[in-house]
Amino acid sequence: MLAIQVAELRFATEEGVLVLDGLSFGVPREGFVWVVGPPGSGKTLLLRILLGEVRPHGGQILLLGRNIPRLSKKKFRAIRRKVGYIAEEPSVLPGRTVLGNLTFKLRALGVRKEAADEAMERALDLAQLRGQESRRAEELSAAELLRLSLALALSPECSVLLADDPLRNIAPAEKDGFLSVLSRVNQAGITILATSREVAPLLRFGFSPEGRGVVFLRENVAR
Amino acid sequence: MRAFLFVVGDFLRVCFREAGMFGLWAASVALALLSAVALFGLPPYEAGPATSQRLILLTLSPLLSEAEITRLAWTIWAWPEVLQVSFRFPGETEPEPMGERTLVVEVPPQADREAIGAKLGKLAGVTKVTVLERTVVPPRVPSVARIGAVAALSVSLAGSLFLGVRTLRRSQKRWEREQRLLRDSGAGPLFWWGPIFVGAGLCGLLGAGLHVLALRLGVRFIPAEGIWTQLLSLEPWTVGLGIPAGLVLGLLAAFLVPHS
Numbered sequence: 001m002l003a004i005q006v007a008e009l010r011f012a013t014e015e016g017v018l019v020l021d022g023l024s025f026g027v028p029r030e031g032f033v034w035v036v037g038p039p040g041s042g043k044t045l046l047l048r049i050l051l052g053e054v055r056p057h058g059g060q061i062l063l064l065g066r067n068i069p070r071l072s073k074k075k076f077r078a079i080r081r082k083v084g085y086i087a088e089e090p091s092v093l094p095g096r097t098v099l100g101n102l103t104f105k106l107r108a109l110g111v112r113k114e115a116a117d118e119a120m121e122r123a124l125d126l127a128q129l130r131g132q133e134s135r136r137a138e139e140l141s142a143a144e145l146l147r148l149s150l151a152l153a154l155s156p157e158c159s160v161l162l163a164d165d166p167l168r169n170i171a172p173a174e175k176d177g178f179l180s181v182l183s184r185v186n187q188a189g190i191t192i193l194a195t196s197r198e199v200a201p202l203l204r205f206g207f208s209p210e211g212r213g214v215v216f217l218r219e220n221v222a223r
Numbered sequence: 001m002r003a004f005l006f007v008v009g010d011f012l013r014v015c016f017r018e019a020g021m022f023g024l025w026a027a028s029v030a031l032a033l034l035s036a037v038a039l040f041g042l043p044p045y046e047a048g049p050a051t052s053q054r055l056i057l058l059t060l061s062p063l064l065s066e067a068e069i070t071r072l073a074w075t076i077w078a079w080p081e082v083l084q085v086s087f088r089f090p091g092e093t094e095p096e097p098m099g100e101r102t103l104v105v106e107v108p109p110q111a112d113r114e115a116i117g118a119k120l121g122k123l124a125g126v127t128k129v130t131v132l133e134r135t136v137v138p139p140r141v142p143s144v145a146r147i148g149a150v151a152a153l154s155v156s157l158a159g160s161l162f163l164g165v166r167t168l169r170r171s172q173k174r175w176e177r178e179q180r181l182l183r184d185s186g187a188g189p190l191f192w193w194g195p196i197f198v199g200a201g202l203c204g205l206l207g208a209g210l211h212v213l214a215l216r217l218g219v220r221f222i223p224a225e226g227i228w229t230q231l232l233s234l235e236p237w238t239v240g241l242g243i244p245a246g247l248v249l250g251l252l253a254a255f256l257v258p259h260s
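Chains W and U, in that order, are what the protein sequence lines are.
Counting with my numbering, you get residues 1 to 223 for the letters of the first sequence.
Counting with my numbering, you get residues 1 to 260 for the letters of the second sequence.
Hints listed in this document are in silico derivations from the structure and should not be mistaken for laboratory results.
Even glycine gets a Cβ: it sits at the ideal position worked out from N, Cα and C.
Hints are not guaranteed to be accurate.
[What the hints assert, rightly or not] Beta-carbon label-pair distances, calculated as ranges:
id, chain 1, residue 1, chain 2, residue 2, range
1, W, 206, U, 16, 29 to 35 Å
2, W, 200, U, 252, 52 to 58 Å
3, W, 60, U, 158, 26 to 32 Å
[To be verified] SDA-like cross-link-like pairs, simulated, lysine to any residue; straight-line CA separation at most 25 Å:
id, chain 1, residue 1, chain 2, residue 2
4, U, 173, U, 201
5, W, 73, U, 190
6, W, 75, W, 135
7, U, 173, W, 113
8, W, 74, W, 107
9, W, 113, W, 135
10, W, 73, U, 6
11, W, 82, U, 194
12, W, 73, U, 67
13, W, 82, U, 3
Working from the sequences, and respecting the hints, build out all of it.
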């Protein structure tokens, strides 16, 4: 059973540059796949299409078994709530603590207190932010900010995690640490589709282009 | 609903940091509404007092040359009891249709028109003398107060929109991380733009409230005389229309904020 299925996906810019040209791949439930490509190869675009922010010009996308472009807004919103997203620039709130960040998101999404407390506990555990709850976002390092961003993406209910180039802004020494955090999240039953512009840290971590863990996008076709 | 109210509350908390700008914006909305009240409350035009004009029409002989007519006009104009002399061609209609070349002589109201007419009739080249009296109503022009109200309305409207967009832009800038987090969390635009519209609407309502307060204070402390009688007696509709108008002004500013 696939959590994400992309078939013959096509997208061209207004200038007619074909960024995604017949891209096909699948991410099994509880699977972990990296999409690797240079800047401008369509990594962020692919995630934005999966999030329903951009309409593709052709192909099919199934997210949790539903055809995204054809869903009504209401049905899409229900699916969208199960998809966590880590943007390229972490969406964290400065001036608030780690707990304050999570509380804001959960209250803004209307999650009831008991469920919110439960979701927060789980997110803090998975993102390895235990003991950091009362630290303010601006006091966190780049890697910790990324983990806070991960905790935000995981709450309240996340079945699929999309991460846009999460390794980009963290120090090389911290990349393996974050990859192990992601692996733990994946082992907890969450499907992960992440993008990266560099393949070396992934190879070190056991992902292989020959195996099912890495999808390569074409060379730089659009900026 | 609870979630939306929470998000609105969070945005309004940010707005408190821009309280000065919001106050200024609300004041400009109030000023725009007061200017509109003045504009619609004042009489549209003010006509000056009607005056009586006394004219003597001198029909000229067709034998007179242009030079002789000019000389004759200068001679009459030199008389102390004459205010003004002007020439009319046949076919002109002011102050009445002319059949021949005519000199129109205006005399002061207190002048003895009959005596002056008789004196004019004796001049060479004058074939007929007609004495005429008419009432002149000056053209109706907008009053200075009304022109001032139009200017104040234009300036305060532009000012309120400028301040509104600027204030909302600054507040939105302070809140853009929250907006991004909400958007990345899959919340609909209602959640990340709705609070800005609510804030704008509330500020518009605050402006309307200030406008009503200003009118009430006006009624209480300014003696109801002249122009104020007209303005301050309009209270029921200024309140009735002022509140939605303030709301619309606030929301209009929110629409003009770039939505990216």
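Exercise. Residue 60 of chain W and residue 158 of chain U, beta-carbon distance inside 26 to 32 Å?
Worked result: violated (51 Å)
For this session: Starting from residue 82 of chain W, check that the Cα of residue 194 of chain U is at most 25 Å away, please.
Result: holds (23 Å)
Exercise. Do the beta carbons of residue 206 of chain W and residue 16 of chain U sit within 29 to 35 Å of each other?
Worked result: Check failed, 51 Å falls outside 29 to 35 Å.
For this session: For the pair supplied as a hint, residue 73 of chain W and residue 6 of chain U, confirm whether the alpha-carbon distance does not exceed 25 Å.
Result: holds (23 Å)
Exercise. Taken at face value, is the distance from the CA of residue 3 of chain U to the CA of residue 82 of chain W at most 25 Å?
Worked result: holds (18 Å)
For this session: Below or equal to 25 Å on CA atoms is what counts here, so check residue 173 of chain U against residue 113 of chain W.
Result: violated (29 Å)
For this session: Please work out if residue 113 of chain W and residue 135 of chain W have their alpha carbons no farther apart than 25 Å.
Result: Holds, at roughly 22 Å.
Problem set entry | Holds or violated: residue 73 of chain W to residue 67 of chain U, with C-alpha atoms at most 25 Å apart | Violated. Residue 73 of chain W to residue 67 of chain U sits at ~91 Å, over the 25 Å cutoff.
For this session: Using the beta carbons of residue 200 of chain W and residue 252 of chain U, state whether their distance is inside 52 to 58 Å or not.
Result: At 54 Å between Cβs, range holds.
Exercise. Do the alpha carbons of residue 73 of chain W and residue 190 of chain U lie within 25 Å of each other, as the hint requires?
Worked result: holds (13 Å)
Exercise. Does residue 173 of chain U pair with residue 201 of chain U here, judged by a C-alpha cut-off of 25 Å?
Worked result: Holds. Residue 173 of chain U to residue 201 of chain U sits at ~18 Å (cutoff 25 Å).
Exercise. Is the Cα-Cα distance between residue 74 of chain W and residue 107 of chain W 25 Å or less?
Worked result: holds (20 Å)
In summary, the numbered hints that this structure violates are 1, 3, 6, 7 and 12.
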